[in-house]
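One line per chain: the protein sequences are C and D, in this order. At position 116 of the first sequence the residue is numbered 122 (this note's numbering), and the sequence of numbers has no breaks. At position 164 of the second sequence the residue is numbered 168 (this note's numbering), and the sequence of numbers has no breaks.
Derived by calculation from the structure, the hints in this document are not laboratory data. Careful: at least some of the hints might be erroneous.
[Stated by the list, open to error] To list a few chain D residues with every Cβ distance to chain C over 10 angstroms, as calculated:
1) S37
2) E38
3) H51
4) F76
5) V83
6) E107
7) A111
8) W158
9) L175
10) S181
11) A183
12) T239
13) Q241
14) R244
[Said to hold, decoys possible] Cut-off 20 angstroms, straight-line C-alpha distance, at most; resulting in silico cross-link-like pairs (EDC-like, lysine to aspartate or glutamate):
15) C:K163 x D:D70
16) D:K110 x C:D101
17) C:K163 x D:E107
18) D:K218 x D:E169
19) C:K122 x D:D124
[Said to hold, decoys possible] Selected chain C positions facing chain D (in silico; Cβ < 8 angstroms):
20) I56
21) F118
22) Y131
Idealized CB from N, CA, C, for every residue including glycine.
Chain residues, written in single-letter form:
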Amino acid sequence: MSNPQVELHILDLGVITLELDAEKAPKCTENFLHYVNKGHYDKTIFHRVIPGFMVQGGGFEPGMSQKECDEPIENEANNGLKNDHYTVAMARTSDPHSATAQFFINVANNDFLNHKAPSMQGWGYAVFGKVVSGNDVVDKIAGVKTGRKGFHDDVPKEDVVIEKAVAL
Amino acid sequence: MTTPPLPQPVPCVQAPAHWQRVDFISDLHLDASEAATFQAWVQHMAHTPADALFILGDLFEVWVGDDNQDPFALQCMAVLKATAQRLPVYFMCGNRDFLVGTELLKATGMQGLNDPTVLDLDPTLRLLLSHGDALCLDDHDYLAFRAQVRHPDWQAAFLAKPLAERQAYALDVRQQSEARKQTHTNYADVDPAAACAWLTASNAQVLLHGHTHKPATHDLGHGLIRWVLSDWHATSQPPRLEVVSWLRQNAQSPTRGLCRLPLCQA
Chain C
7 MSNPQVELHI
17 LDLGVITLEL
27 DAEKAPKCTE
37 NFLHYVNKGH
47 YDKTIFHRVI
57 PGFMVQGGGF
67 EPGMSQKECD
77 EPIENEANNG
87 LKNDHYTVAM
97 ARTSDPHSAT
107 AQFFINVANN
117 DFLNHKAPSM
127 QGWGYAVFGK
137 VVSGNDVVDK
147 IAGVKTGRKG
157 FHDDVPKEDV
167 VIEKAVAL
Chain D
5 MTTPPLPQPV
15 PCVQAPAHWQ
25 RVDFISDLHL
35 DASEAATFQA
45 WVQHMAHTPA
55 DALFILGDLF
65 EVWVGDDNQD
75 PFALQCMAVL
85 KATAQRLPVY
95 FMCGNRDFLV
105 GTELLKATGM
115 QGLNDPTVLD
125 LDPTLRLLLS
135 HGDALCLDDH
145 DYLAFRAQVR
155 HPDWQAAFLA
165 KPLAERQAYA
175 LDVRQQSEAR
185 KQTHTNYADV
195 DPAAACAWLT
205 ASNAQVLLHG
215 HTHKPATHDL
225 GHGLIRWVLS
235 DWHATSQPPR
245 LEVVSWLRQN
255 AQSPTRGLCR
265 LPLCQA
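Extracted from the complex, chain C is given alone in its bound form (with noise of 0.2 angstroms):
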């Protein structure tokens, strides 16, 4: 079976194309799927930019209200994929099972994110998928100008918009 692709329509900006490990990582593409086909991505925005880091988004709706989300899912950190550039990771809070729809793509290789221990320390976080066209979509994404807003640090000035995410 073919690997699932998932494409991000960012407003302005471009198409990112997602291929999603299915092998890998089952239960976070299952959850990935499953948000992107109920809509829950859509008129959401990347929230959180850190270049050199990561750019973070799927939480959130401009003005920055917070989505309501299904169950948390299970960690696959430990299933050898790693945080490299362009890879696609799911976010979540210290509970390294936490994971609901918040995700992130790496701009960068970020090893300390990676698993090392089934412990609150080294889970690290689950990557299931990378970028496989739309690049330079990631790059423009990381190079906006950010702030402050309410609680929140490293937020873009002008909102980064998903129009929509369609499985393809």
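For chain C, the structure is supplied; the task is to place chain D on it using the hints.
Frame of chain C; chain D shown alone:
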């Protein structure tokens, strides 16, 4: 006020194995009117044997934008550039110099740091680096001001003003700050519960920050420690000039290699 959530993942700098000494400084409040403090800084930057230097906010008394080319700003930039050619220099904004941007980083060769950032020094020590102002939860007035001036719209509007107008604003802020110092207002301190929450969320053992001008080492319990950097003031009696360093050779010591050292001179 409740603890601000720490966004995950937290950025991290991994110290290469060859780093033997790392210097941390903050709250120098460099200003053309404080020549002795500036000179002490110049000496330390030229002579520290550190393998890396981390500036954790308020290097400058005020920074009105990277386009500021007044003679003092140019002197500071030359020092930063010369140092960054000798060793990696990392820069985190404070509450005075939060308008430092990518242009200054590019011009000097410094690497920008997010607040907070983890510094992974060795298997026994993960340091959480922050300026510290965001954790002073009782300073309601300041936190409201911070939320205002860190807003991208405010910054864009401010930076669009002519340089002279921005400099006049900076002078105003400085005078207000001086006036506040004269009244001996007891500044708010870092909230211990918030510090613990950040450390736990980032799996770090030691929080290292400045901002409060209350250099000390606090045991937060649960094996967590808070190190506070000193501000710099060369003409105080005794002078307040100090750097916190991490020495790999002392990594097994009770302080895990952290210590306070006098400045380096020629």
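In ascending order, which of the hints set out earlier in this document are inconsistent with the structure?
8, 16 and 18
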